[in-house]
Each structure stands twice: as C-alpha cells, then as structure tokens.
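J.: Chains as they are written, first to last, in full-length UniProt numbering: chain P, 1 to 385; chain F, 1 to 587.
No lab work stands behind these hints: they were computed from the structure.
Careful, some of the hints might be misleading.
What the hints assert, rightly or not - Under the rule of at most 25 Å between Cα atoms (straight-line distance), these lysine-lysine pairs were calculated in the BS3-like manner: (1) P:K189 / P:K229; (2) P:K142 / P:K132; (3) P:K182 / P:K229; (4) P:K307 / P:K222; (5) P:K142 / P:K259; (6) P:K327 / F:K413; (7) P:K229 / P:K97; (8) F:K524 / P:K142; (9) P:K327 / F:K414.
One-letter residues, chain by chain:
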Amino acid sequence: MWRRSASFILDERRRTSNSPPMADNNTTRAPFQNPDAISAYYQTRAAHHGVITSDWLAQAQAAVGGVSGEEYPDSSVAETGKEKTFNVIEEFNGWRKQPDLAEAVAAIRALAAVIRASEASTMMELEIELKKASDTLKSWDKTSISLTAGCDLFIRYVTRTSALEYEDFNSAKSRLLERAEKFGEISCKARKIIAMLSQDFIFDGCTILVHGLSRVVLEILKTAAQNNKLFRVLCTEGRPDGTGVLLSNELSKLDIPVKLLLDSAVAYSMDEVDMVFVGADGVVESGGIINMMGTYQIALVAHSMNKPVYVAAESYKFARLYPLDQKDMAPALRPIEFGVKIPEKVEVERSARDYTPPRYLTLLFTDLGVLSPSVVSDELIQLYL
Amino acid sequence: MDPPSRFLHSVPTRFDSPDRLRFHHFSFPQLPLPRHDSSSAAASAVSPSSFSYSTAATSPTASPGRVSRGSFSRFSFASSLPGVGMDSMAAATSSSVPASGLTTVSVVNMPPPPGLSEKASGVGVQKSSKPLKEKTTKAERRALQDAQRAASKAEGGKAPLVSSGSVASANVKAAKPAKPSSQENDVAVAAAGPSEKDRKKDAPHPRMQYDDESRVVKAKRRAVVKQTEAKNRVELFRHLPQYEHGTQLPDLETKFSLLDPMYPAVYKVGLQYLSGDISGGNARCIAMLQAFQEVVKDYSTPPEKTLNRDLTAKISSYVSFLIECRPLSVSMGNAIRFVKNRIAQLPITLFESEAKAALQSDIQRFISEKIVAADKAIVRHAVTKIRYGDVLLTYGSPSAVEMVLLQAHELRKKFRVLVVDSLPKLEGQLLLRRLIKRGIDCTYTHINAISYITHEVTKVFLGASSVLSNGTVYSRVGTACVAMVASAFRVPVLVCCEAYKFHEREQLDSICSNELGDPNVISKVHGRGDINYLDGLTNNANLQFLNLMYDATPSDYISMIITDYGMVPPTSVPVIVREYQKEHLLV
Numbered sequence: 001m002w003r004r005s006a007s008f009i010l011d012e013r014r015r016t017s018n019s020p021p022m023a024d025n026n027t028t029r030a031p032f033q034n035p036d037a038i039s040a041y042y043q044t045r046a047a048h049h050g051v052i053t054s055d056w057l058a059q060a061q062a063a064v065g066g067v068s069g070e071e072y073p074d075s076s077v078a079e080t081g082k083e084k085t086f087n088v089i090e091e092f093n094g095w096r097k098q099p100d101l102a103e104a105v106a107a108i109r110a111l112a113a114v115i116r117a118s119e120a121s122t123m124m125e126l127e128i129e130l131k132k133a134s135d136t137l138k139s140w141d142k143t144s145i146s147l148t149a150g151c152d153l154f155i156r157y158v159t160r161t162s163a164l165e166y167e168d169f170n171s172a173k174s175r176l177l178e179r180a181e182k183f184g185e186i187s188c189k190a191r192k193i194i195a196m197l198s199q200d201f202i203f204d205g206c207t208i209l210v211h212g213l214s215r216v217v218l219e220i221l222k223t224a225a226q227n228n229k230l231f232r233v234l235c236t237e238g239r240p241d242g243t244g245v246l247l248s249n250e251l252s253k254l255d256i257p258v259k260l261l262l263d264s265a266v267a268y269s270m271d272e273v274d275m276v277f278v279g280a281d282g283v284v285e286s287g288g289i290i291n292m293m294g295t296y297q298i299a300l301v302a303h304s305m306n307k308p309v310y311v312a313a314e315s316y317k318f319a320r321l322y323p324l325d326q327k328d329m330a331p332a333l334r335p336i337e338f339g340v341k342i343p344e345k346v347e348v349e350r351s352a353r354d355y356t357p358p359r360y361l362t363l364l365f366t367d368l369g370v371l372s373p374s375v376v377s378d379e380l381i382q383l384y385l
Numbered sequence: 001m002d003p004p005s006r007f008l009h010s011v012p013t014r015f016d017s018p019d020r021l022r023f024h025h026f027s028f029p030q031l032p033l034p035r036h037d038s039s040s041a042a043a044s045a046v047s048p049s050s051f052s053y054s055t056a057a058t059s060p061t062a063s064p065g066r067v068s069r070g071s072f073s074r075f076s077f078a079s080s081l082p083g084v085g086m087d088s089m090a091a092a093t094s095s096s097v098p099a100s101g102l103t104t105v106s107v108v109n110m111p112p113p114p115g116l117s118e119k120a121s122g123v124g125v126q127k128s129s130k131p132l133k134e135k136t137t138k139a140e141r142r143a144l145q146d147a148q149r150a151a152s153k154a155e156g157g158k159a160p161l162v163s164s165g166s167v168a169s170a171n172v173k174a175a176k177p178a179k180p181s182s183q184e185n186d187v188a189v190a191a192a193g194p195s196e197k198d199r200k201k202d203a204p205h206p207r208m209q210y211d212d213e214s215r216v217v218k219a220k221r222r223a224v225v226k227q228t229e230a231k232n233r234v235e236l237f238r239h240l241p242q243y244e245h246g247t248q249l250p251d252l253e254t255k256f257s258l259l260d261p262m263y264p265a266v267y268k269v270g271l272q273y274l275s276g277d278i279s280g281g282n283a284r285c286i287a288m289l290q291a292f293q294e295v296v297k298d299y300s301t302p303p304e305k306t307l308n309r310d311l312t313a314k315i316s317s318y319v320s321f322l323i324e325c326r327p328l329s330v331s332m333g334n335a336i337r338f339v340k341n342r343i344a345q346l347p348i349t350l351f352e353s354e355a356k357a358a359l360q361s362d363i364q365r366f367i368s369e370k371i372v373a374a375d376k377a378i379v380r381h382a383v384t385k386i387r388y389g390d391v392l393l394t395y396g397s398p399s400a401v402e403m404v405l406l407q408a409h410e411l412r413k414k415f416r417v418l419v420v421d422s423l424p425k426l427e428g429q430l431l432l433r434r435l436i437k438r439g440i441d442c443t444y445t446h447i448n449a450i451s452y453i454t455h456e457v458t459k460v461f462l463g464a465s466s467v468l469s470n471g472t473v474y475s476r477v478g479t480a481c482v483a484m485v486a487s488a489f490r491v492p493v494l495v496c497c498e499a500y501k502f503h504e505r506e507q508l509d510s511i512c513s514n515e516l517g518d519p520n521v522i523s524k525v526h527g528r529g530d531i532n533y534l535d536g537l538t539n540n541a542n543l544q545f546l547n548l549m550y551d552a553t554p555s556d557y558i559s560m561i562i563t564d565y566g567m568v569p570p571t572s573v574p575v576i577v578r579e580y581q582k583e584h585l586l587v
C-alpha cells in the first residue's frame with residue numbers, strides 16, 4: 001500500500017504532466033537517490049559467505065599473512081587515505097583478510113593502529129586524526145551499519161576518559177591506546193562471550209530456527225554442539241544469498257541435525273520450532289534490529305505464535321539510528337537473480353535488509369550480557385551523553 | 001488578608017523563616033499526625049493548621065509569643081523527628097517545589113539565636129517539650145486527630161471550627177496538662193494585612209487535593225487572587241481546583257497597589273496567565289524565568305537576613321501567586337526547582353552583587369541551554385525524519401513541532417501538513433496561520449474527523465507538556481485520541497519534547513492530576529452565536545460541564561520521543577531523567 005494520500009499523488013501527476021514526464025518508476029524515491037547503487041556491504045557479505053566454509057577457513061587462517069585480498073569495488077576511497085604515510089585503509093584491509101573477523105572489528109583494530117602510529121603531539125591533534133581516519137573508514141562503505149556504529153563507538157569509548165586532561169601527553173596517549181586495545185579485544189572475544197551466555201537458553205531436545213548466516217549464531221550452535229546438547233536446526237533457504245545451504249553445510253559437519261526450509265515455509269514449520277535465532281547487521285536505538293531480508297517476516301510469525309526470538313549481536317553494533325518503518329533506512333540494494341529473464345517494465349524489490357521492531361524480539365544476547373530490547377537505548381544514552 | 005493566617009507573623013521578625021521553623025522543633029506536639037513521611041506530611045501539614053486558624057479567630061488578644069507557641073503546637077505533629085517536622089513546615093512554606101527541593105532551603109542549619117530559647121523558656125515550655133513529644137502514642141494522636149476531624153465535619157462553616165478548636169484545646173489540655181500555654185491556642189495573631197512571609201508559609205502544595213474542605217478553606221484565606229469556586233462540579237474531579245472564570249482580572253487590577261511585596265513583573269506574568277495571553281509550556285516557563293531575573297536584579301537583602309533564604313522565600317511567595325492565577329505546568333515546576341537549587345548553592349561568602357549576577361546568568365543559561373538550544377537540537381533530529389512526500393499530522397499548537405515544520409520547509413523538503421484542532425481553545429488556528437504564511441501546504445480539520453483522514457497520514461508529530469517516567473506523555477487534551485487513532489492505523493507517532501520537561505513521577509490516567517479550565521466556554525460554540533441550546537442551563541444541578549486541559553497518552557501509542565538528547569524510545573525516559581538530574585546537580 002502506498003502510504004501517500006490520493007490528493008498528493010494527483011498533485012504530483014498534475015505537476016509532472018506539465019513538465020516532461022519522467023520515464024522510470026523511481027519518482028517514488030527522492031530524486032537524488034541512485035537506484036542502481038549496489039551495497040558494497042552486501043557484496044562483501046556475499047563474498048564472505050562464499051568463504052565461510054570451514055575448509056576454506058582453515059586454509060585462510062594458515063595463510064592469513066600473505067593472501068592477496070579480493071578485489072573490492074570501492075577502490076576509490078583507498079586513495080583518500082594515501083596522503084598519510086600510515087594508511088588506515090590498508091591496515092583495515094589487512095585485518096579484513098581474516099574471514100573470521102567481522103568488518104567492524106577490523107575497523108576497530110585499524111583505528112587502534114592509528115593511535116599507535118600517530119605522530120601527534122597534543123590530544124586535540126590525536127582526536128582529529130582519529131576522527132579523520134574513522135570518517136575514511138566509514139565512507140568506504142556507507143551502507144554498513146556495524147562499520148559506522150563500530151567506528152563511532154570506538155571514538156566515544158576511547159576519548160571518554162576524563163583523566164586525559166590531567167596527564168602529560170605521552171601517558172594520556174598510552175592510556176588511549178590501552179583502552180583502544182581493550183575495546184579491540186572485547187570486540188574480538190565478543191562472539192565467545194555471546195556463545196557462552198546463550199548456552200542456558202538451548203535445552204536438550206529443542207528445535208531452533210535460524211535465518212541468515214551469522215557467524216555469531218554459528219558460534220553459538222557450535223558451542224552448544226561441543227557441550228553435547230541435543231537439538232536440531234531448521235534453516236531457511238535464505239534467498240538470494242543462499243545462506244541456508246551454507247549453514248546446513250557447516251552444521252552437518254558438526255553432526256547437528258539440520259533441515260532446510262523454503263523461506264515461505266516458515267509459518268508452516270513454526271509450530272514445531274521452540275525458538276528463533278538470528279544475528280544482526282545493526283541494533284538500533286529503539287531496540288530493534290536491522291538484518292537480512294526476511295527477518296521481520298519470521299519475527300512476525302514467531303511473535304504471533306508465541307515463540308521467542310533471540311538476537312545475537314555484539315555490542316559494537318549498537319547504532320544511533322531510529323527507523324520508524326521499513327523505508328526509513330539508508331537503502332542497501334543487491335542484485336537478485338531469478339534464473340529467468342524478467343520483462344523490462346517489471347520492478348524488483350532489491351533491498352537486502354529489513355528492520356524488525358523491538359516488540360517482536362524477546363532478548364538480545366550481547367557481550368554486555370543478555371539484554372531486553374529497551375536496554376539498548378539506555379546503553380547508548382549513557383555512552384553518548 | 002485574614003488575621004488567623006498571620007499567626008506566624010506574631011513571632012518577632014528578627015527570626016527569619018528557618019528559625020521559625022526550627023522553633024517548631026522545640027514546641028510540644030499536641031496533635032501530631034501519625035504519618036511521618038514528608039510528602040504526606042506536607043499534605044497533612046495543612047489540616048491541623050486549620051484548627052489553629054479557628055482557635056486563632058476566636059480570641060485575638062493573647063500575646064504574640066504565646067500565640068505562636070500554641071499554634072506551633074498544632075503544627076509540630078511529627079513526634080520526635082525534627083526533620084519531618086521541618087519537612088512538613090517547609091512543604092507548607094513553598095508552593096511549587098517538591099519536598100526535596102524545599103528541604104534544602106528550609107533545613108539550612110542555623111543554631112537558634114538565644115532569644116528563641118528565651119522565648120521557649122518564657123512561655124514555660126522548656127526541654128520538657130522534647131520528652132513530652134515521645135509520650136503520646138500513635139494511637140492517641142490518631143484519636144485526637146479523628147476527634148477533631150469529626151467535630152469539624154459535624155457542622156459547617158466557622159462555628160464548628162471554633163468548636164473543634166476548643167475541642168482541640170480541650171484535648172490538648174487533657175493530653176498535656178503541664179502546658180500552661182494551651183489556652184493560648186485560642187489567640188489569633190493580629191497582623192495587619194497580607195505579608196509575603198505568611199503567604200510563603202501557607203502556600204499550598206502545587207498538587208494539593210482540593211476535595212479536602214479544610215485545606216481549601218485555608219488556601220482561600222491566604223490567597224491573593226480571590227477566586228470563587230464553581231458550584232457545579234463533576235464529582236470525579238473534585239480534587240482539582242475549579243474557579244469561576246472572569247471574576248479575577250478586574251479584582252486583581254484594583255488590588256495591585258495593595259500588594260506591596262508583589263513584584264510588578266511577576267504580577268504582570270500572573271495576569272497574562274490568568275487571561276490566557278501566554279500559554280504553552282515553553283512560553284510560560286520563559287516568561288516566569290524572565291520575571292524572576294528582574295526580581296533578582298532589583299533584589300536587595302534586608303538587614304540581618306541571608307540572601308539565600310530570603311530570596312528563596314520571596315520566590316516561593318511569587319510562585320504561590322502564580323499558582324493562584326493558573327496552576328503550574330511541569331516545565332515551570334522544573335524551572336522553579338532549578339532556580340531554588342541555584343540559590344541554595346550560592347556560597348555564603350559571595351557579595352550580594354556577585355551573587356545576584358551569578359544567579360541572573362544561571363537563569364539566562366537555563367533559558368538558552370535547556371529551552372532555546374534544546375529546541376534547536378530537537379529540530380535538527382526531527383527534520384531527518386521528514387521525507388519527500390510525507391503527510392504530517394499535528395495537533396494543537398506545539399512550539400517545538402512548529403519549529404520542525406518550518407525548518408523542514410527551509411530545507412526544501414516536499415511535504416504536506418494536516419493541522420487538527422479542537423474546541424474550545426482552537427489553538428490549531430494559530431499554528432495554521434503561521435505555517436501558511438511560510439507557504440507550507442496545509443489542511444485543517446477538527447478532531448472529530450481524525451479517523452476519516454488518518455489513512456492518508458504518514459507521520460504524526462505531537463508536542464508535550466511533559467513526559468513522565470513511565471513513558472506517558474502528558475499533553476493538551478485530545479493528544480491521546482490522536483495518538484490512539486494513529487497507532488490503530490500503524491502511523492508512527494513522534495513526540496517532540498525538551499528534556500527539561502521530563503518528570504520523574506508516573507501517571508496512569510488523566511484523572512489524578514489535571515487542570516480544569518473554564519466550564520462555560522463549553523456551552524457555547526465559537527463563532528456560532530446561534531447555537532445556544534445550553535443557555536440558561538449552566539447552573540442546572542443535573543448538568544455539569546467538564547473542561548479538561550490535559551490528558552495522558554500511554555507509552556504504547558508513542559513510537560519515539562525526540563529530545564535534545566536525541567531520539568529515544570519512551571522506555572528510556574527514566575534514564576534521561578536520571579542523567580539529567582546528575583548533570584543538573586553538577587552544573
């Protein structure tokens with residue numbers, strides 16, 4: 001349903017009929033948006049999905065130093081960092097080559113390295129450098145929420161020490177570095193902490209529905225299997241990323257019974273499900289999550305059937321966004337192949353993610369603990385105030 | 001005004017208020033109330049005093065000192081807890097500040113000057129007062145109090161008060177035969193005319209419950225603004241004040257010359273509230289703060305008094321006057337709390353001119369930071385939510401929302417506004433005028449049409465008088481309807497409210513705390529003189545008019561609250577209140 005009044009549309013039509021009519025249907029979007037923008041974030045994720053399989057992982061870990069990275073589309077941004085002898089993007093790319101490492105964590109590590117390599121002599125200068133590096137990183141991919149959130153949180157966390165004014169610069173700088181390293185460590189270990197926290201929620205004989213391929217959720221299930229819990233997993237096919245097949249691949253290696261579902265079969269199978277586990281691309285201020293397309297649907301069905309929906313997200317994903325509805329976010333589009341040729345005039349919904357409001361989520365598993373959705377805003381207020 | 005209320009004035013003026021309060025500590029409690037917590041003590045502070053008024057009325061001849069002792073005895077109902085006694089008095093003193101703020105002021109410790117103890121001994125009550133306090137048990141006190149209450153309710157008007165007074169004094173005599181001064185309870189203080197000190201002392205609690213007759217009687221006696229109570233009142237709302245409108249303005253104008261202690265700027269603001277010239281949380285708050293700035297500018301400490309306490313007392317008296325003109329809004333309440341806090345925190349060692357300058361700049365900073373800059377921040381956040389092609393609904397005339405819409409228009413966003421209005425105030429027309437002048441496309445309708453038009457609305461922007469701790473939005477009446485219908489249509493509801501208007505109380509319904517407006521405006525339709533079906537029925541016993549000013553919108557209908565701290569869900573309001581208090585105190 002187009003949420004626009006009839007009178008408005010008539011006005012529009014009257015106006016456009018006076019001026020030369022616009023050909024495509026994209027007048028519904030604001031004029032300045034480029035409809036063909038492909039989200040680099042999702043391209044990366046797709047690439048990562050391709051490499052997340054454990055055999056490849058093992059190879060990659062072994063060879064992590066010398067692997068030349070894949071080609072990333074936005075190479076233009078790398079040039080902006082070149083004026084400094086220390087290039088934050090290079091550092092970032094270096095960290096990113098480890099497929100097991102989340103993008104935001106790589107960014108955090110890169111920013112910590114910025115502090116370490118900085119030649120600034122005053123705190124102000126250092127902060128400015130940090131800010132510039134973080135902006136460069138953020139502009140590398142504007143659609144990645146966790147990257148933006150991770151950079152922002154890092155800057156806030158690191159520069160928040162109140163004792164910075166009293167010490168001389170070098171000790172303050174080492175203080176900052178300490179905090180930065182700590183933040184990096186926490187972010188790295190976040191997955192393990194989350195996996196530990198969620199073990200209590202997986203009981204023997206339960207059926208878990210999983211959507212999308214989140215490394216955190218994978219970690220949770222791995223740990224549960226290692227703790228010899230008996231459970232089975234239903235995974236959605238996850239078109240167009242094909243996450244279902246990849247995940248089922250992984251899980252079968254761990255001897256966890258897996259069943260693949262069509263995305264449309266979720267409601268059908270929901271009565272045999274005990275809980276739903278999803279990851280998150282970003283956790284927004286209202287407590288809702290932004291995740292792969294289809295999460296909202298599944299959360300709605302689960303809510304209406306009284307099944308709990310658990311979200312596993314690291315704390316660096318808390319972003320200062322507050323979408324009011326699905327279209328209130330920066331669009332992230334990805335190409336969708338249907339396998340057959342689509343006629344010219346047919347529009348395709350190509351958004352790669354959706355927003356799930358907090359009322360459909362039960363709990364958030366984060367490295368800060370097991371939280372209810374309303375706590376996200378409290379945490380953000382305390383950090384940003 | 002009324003002699004009975006001036007009994008406190010009897011104590012020689014060299015003792016300023018805190019000492020007088022201290023004084024209570026030494027007096028013996030004849031009729032202490034069983035309840036000891038300060039808030040209820042505040043409420044209950046008022047009732048025993050009514051008996052003292054009555055007794056005072058009957059025999060105006062006894063010596064001032066004695067009177068005060070006796071009358072104080074009425075007041076010191078807390079048994080052995082001096083703090084509670086002071087809290088209650090303090091609460092009775094200040095009009096608008098909750099007990100916590102008051103305690104800071106009145107409990108500022110000063111050892112009673114020697115004259116005080118002289119007095120104490122002079123009247124014959126010595127340290128025996130302290131141990132005597134402990135003697136009455138709770139049950140006894142409760143019995144005493146019930147007896148008086150019953151006595152006063154048995155008859156009506158002055159006479160029973162007298163009898164209750166004598167009952168009281170009789171009881172007093174019975175309970176404390178050792179007290180020779182008990183007959184002094186009957187004395188009224190013959191103080192000349194209204195004085196600010198007395199008004200400050202007897203100012204009602206801002207959320208005083210008006211269905212308790214005795215308190216209302218007391219409040220009326222001490223009031224500057226003579227408001228006649230409406231006769232025909234809705235039973236459910238009897239705890240709120242309801243006055244006949246239109247009677248006070250000419251009255252006040254003539255009285256201006258008599259009201260010496262009233263500062264002209266404050267008087268002017270009060271008149272503007274009364275006539276409805278200034279309305280809206282921000283406007284009222286700013287007007288009041290600017291009046292206070294003038295007060296501070298022209299203030300000079302009387303001899304033998306400290307600036308902190310005297311100025312606070314003055315401010316309290318002005319606030320009680322403003323309450324009489326129109327009950328305080330939450331924004332004003334918070335601002336007053338801030339001002340009193342700042343006054344209390346002024347170091348004693350400052351020179352008067354420095355202190356005054358500091359205070360004025362503090363008030364100026366409050367206005368510019370918490371109101372003006374906050375509005376700018378709200379606008380900055382809110383315009384990001386307005387998208388191309390939006391149809392925005394707004395209700396009434398919220399100042400913050402108006403700024404948002406104007407700014408969005410400046411940024412060349414393409415949107416349409418739907419202004420919903422309601423009788424009797426028709427505030428939406430003002431907003432409509434201002435938007436149209438800037439060239440924004442507007443539609444105007446009344447609130448009875450919202451279910452008809454909401455299907456085309458994409459977002460609802462509302463203002464708030466206050467946001468409470470459980471996420472409830474306390475705003476102009478009608479807001480709850482709009483929010484409810486919007487949420488039924490799945491339209492997001494955004495509330496724009498500055499953080500200084502947040503309050504830590506929680507409210508579950510619109511009844512327990514509200515404001516009643518003039519009921520007569522409901523009987524007429526604005527602009528339609530021919531619709532006069534209710535003429536002549538306004539005094540009919542079977543027909544009661546109810547004109548509520550505010551209502552409470554539950555947090556389920558609110559999607560987000562836009563404050564100067566950013567966009568937050570309604571569940572995060574207590575966090576902001578907590579952070580705000582912290583910052584407040586550190587500032």
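J.: For every hint, state whether the structure bears it out.
T.: Hint-by-hint comparison with the structure:
no. : hint            : in the structure
1   : P:K189 / P:K229 : holds (23 Å)
2   : P:K142 / P:K132 : holds (15 Å)
3   : P:K182 / P:K229 : violated (32 Å)
4   : P:K307 / P:K222 : holds (22 Å)
5   : P:K142 / P:K259 : violated (35 Å)
6   : P:K327 / F:K413 : holds (17 Å)
7   : P:K229 / P:K97  : violated (33 Å)
8   : F:K524 / P:K142 : violated (58 Å)
9   : P:K327 / F:K414 : holds (17 Å)
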